[in-house]
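Chains as they are written, first to last, in the working numbering: chain A, 78 to 184; chain B, 4 to 92; chain C, 258 to 421.
Keep in mind that the hints were calculated from the coordinates and are not lab data.
Glycine included, C-beta positions come from ideal geometry on N, C-alpha and C.
A couple of the hints might just be wrong.
Once the Cα atoms are required to be at most 25 Å apart in a straight line, the calculated DSS-like pairs of lysine-lysine come out as [stated by the list, open to error]:
(1) Lys411/C x Lys398/C
(2) Lys87/B x Lys168/A
(3) Lys281/C x Lys168/A
(4) Lys172/A x Lys89/B
(5) Lys87/B x Lys172/A
Computed footprint of chain A on chain B; a stretch qualifies when at least three of its residues, placed anywhere within it, have a C-beta under 8 Å from a C-beta of chain A [as the list claims (entries may be wrong)]:
(6) 6-15
(7) 21-33
(8) 43-52
(9) 64-75
(10) 81-90
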Amino acid sequence: MSVGEIILNIIILICLTSGLFFFFVGVVGLVRMPDVFTRMHATTKCDTMGAGLIFLGLIILQGMSFVSLNILLILIFVWLTNPTAAHAIAKSAYKRLESGLEAKEDK
Amino acid sequence: MIETAVLISTIFLVLLTFVGLYRAIVGPTAEDRIVAINMISTKVTVIIAMIALITSQVLYVDVALVYALLGFIATIGLAKLLLKGKLGK
Amino acid sequence: MKKKYGAIILFILLLLFWFVLSFKVNLTIVIIGFLVSGTVCLLNYDMVFNHSEATKLTFKTIYRLIALFFVLIFNIAKSNIEVAKIVLSKKMPIDPGFVTIKNPLKKELNQALFANAITLTPGTLTVDMNSEEIVVHGLVKDSVKNIDNSSLEKAFIALEVDKS
Numbered sequence: 078m079s080v081g082e083i084i085l086n087i088i089i090l091i092c093l094t095s096g097l098f099f100f101f102v103g104v105v106g107l108v109r110m111p112d113v114f115t116r117m118h119a120t121t122k123c124d125t126m127g128a129g130l131i132f133l134g135l136i137i138l139q140g141m142s143f144v145s146l147n148i149l150l151i152l153i154f155v156w157l158t159n160p161t162a163a164h165a166i167a168k169s170a171y172k173r174l175e176s177g178l179e180a181k182e183d184k
Numbered sequence: 004m005i006e007t008a009v010l011i012s013t014i015f016l017v018l019l020t021f022v023g024l025y026r027a028i029v030g031p032t033a034e035d036r037i038v039a040i041n042m043i044s045t046k047v048t049v050i051i052a053m054i055a056l057i058t059s060q061v062l063y064v065d066v067a068l069v070y071a072l073l074g075f076i077a078t079i080g081l082a083k084l085l086l087k088g089k090l091g092k
Numbered sequence: 258m259k260k261k262y263g264a265i266i267l268f269i270l271l272l273l274f275w276f277v278l279s280f281k282v283n284l285t286i287v288i289i290g291f292l293v294s295g296t297v298c299l300l301n302y303d304m305v306f307n308h309s310e311a312t313k314l315t316f317k318t319i320y321r322l323i324a325l326f327f328v329l330i331f332n333i334a335k336s337n338i339e340v341a342k343i344v345l346s347k348k349m350p351i352d353p354g355f356v357t358i359k360n361p362l363k364k365e366l367n368q369a370l371f372a373n374a375i376t377l378t379p380g381t382l383t384v385d386m387n388s389e390e391i392v393v394h395g396l397v398k399d400s401v402k403n404i405d406n407s408s409l410e411k412a413f414i415a416l417e418v419d420k421s
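The following block holds chain A by itself, in its conformation from the complex:
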């Protein structure tokens, strides 16, 4: 192994580890937080960042090819849609909370 490969491997390891750390924080927030909106804070931000970091590591691992372009496409898609989905859920929860429907726990 040359020096360049070792440096690349270290960068990939850093990306994977920090991505896993942010995913872990998201899951811990999902379990610990008290209500819907605060849970959404934890999952939205940490999922976006964690997925971005892990996909970045995978792109570096794959090198320049059509596969890494494909992974880049998935990355852009996840970064665009994750906040939008969070917005949709938050709007639904907010309207139901305003009209007093949220107290009913569904079985």
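Since the structure of chain A is provided, determine the placement of chains B and C on it from the hints.
The following block gives chains B and C in isolation, referenced to the frame of chain A:
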């Protein structure tokens, strides 16, 4: 050696997915469950992409893309169904 | 004129998408790609970019978009570190609540992007918006005030002002 690291992180992600399933089962309101399912679908997308690179079956990456699309559509549809009581206009 | 502009952008996007998805390039794939994306553009170009007042792509706008991108990355990293600090501390110092702020932007596309960006900045989550105000849920209520005059809002307003 780096493949081993990717494999270990895949296993860790699968374990995290099962922890997130706890909120999908217990969660008091319906929105909690949708949040949990949305998070699980993001994680499964990442897992599929990693498995595609480990086994060097590059066509699996397309499966990951389609899974991301499906998760987004499912979340939007469920949120709209909760908000309006029906789908469509 | 406006419709043609939208159709050309849609055609280029579809063609790029086709080439990324079809792992290799040869003559058949190129011909099929041109035919399919041309047909899709002809059938529904009036649905996508019809009434949007999309910002025209000049060099200044591209420079501002790149600046916006870096500001956004910086904000996302900061917000993640803050959420990690709050979640991993023993007794979670949170004070959640709803705050209404003014909507500084006019164009619809920019408003949607701004709402998405608010969701990714530290301690805030867009809940509801119309053309005048945005309802924001804050993890710590006072931190929502920081959106006014932040670097993110300035970058978006700079994108909006350009009339050329």
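Hint check:
Restraint check: the Cα-Cα separation between Lys411/C and Lys398/C comes to about 22 Å, which is no more than 25 Å; the hinted pair holds. Straight-line distance between C-alpha atoms of Lys87/B and Lys168/A comes to about 11 Å, which keeps the hinted pair within the 25 Å bound. Among the hinted pairs, Lys281/C with Lys168/A is inconsistent with the structure: their alpha-carbon atoms are about 43 Å apart, more than 25 Å. Note on Lys172/A and Lys89/B: the hinted pairing holds, with a Cα-Cα distance of about 15 Å set against a maximum of 25 Å.
Pair hint Lys87/B plus Lys172/A holds up; C-alpha atoms about 10 Å apart against a cutoff of 25 Å. Counting residues of the stretch 6-15 of chain B whose beta carbon lies closer than 8 Å to any beta carbon of chain A gives 4, which meets the minimum of three for the stated coverage. Using a Cβ-Cβ cut-off of 8 Å, 7 residues of the stretch 21-33 of chain B lie near chain A, which meets the minimum of three, so the contact claim holds. For the stretch 43-52 of chain B, the proposed coverage by chain A is satisfied: 5 residues have a C-beta within less than 8 Å of a C-beta in that chain, meeting the threshold of three.
Against chain A, the stretch 64-75 of chain B contributes 7 residues with a C-beta closer than 8 Å to a partner C-beta. That satisfies the three-residue criterion, and the hint holds. Residues of the stretch 81-90 of chain B lying with their CB closer than 8 Å to a CB of chain A number 4, which satisfies the three-residue condition for coverage.
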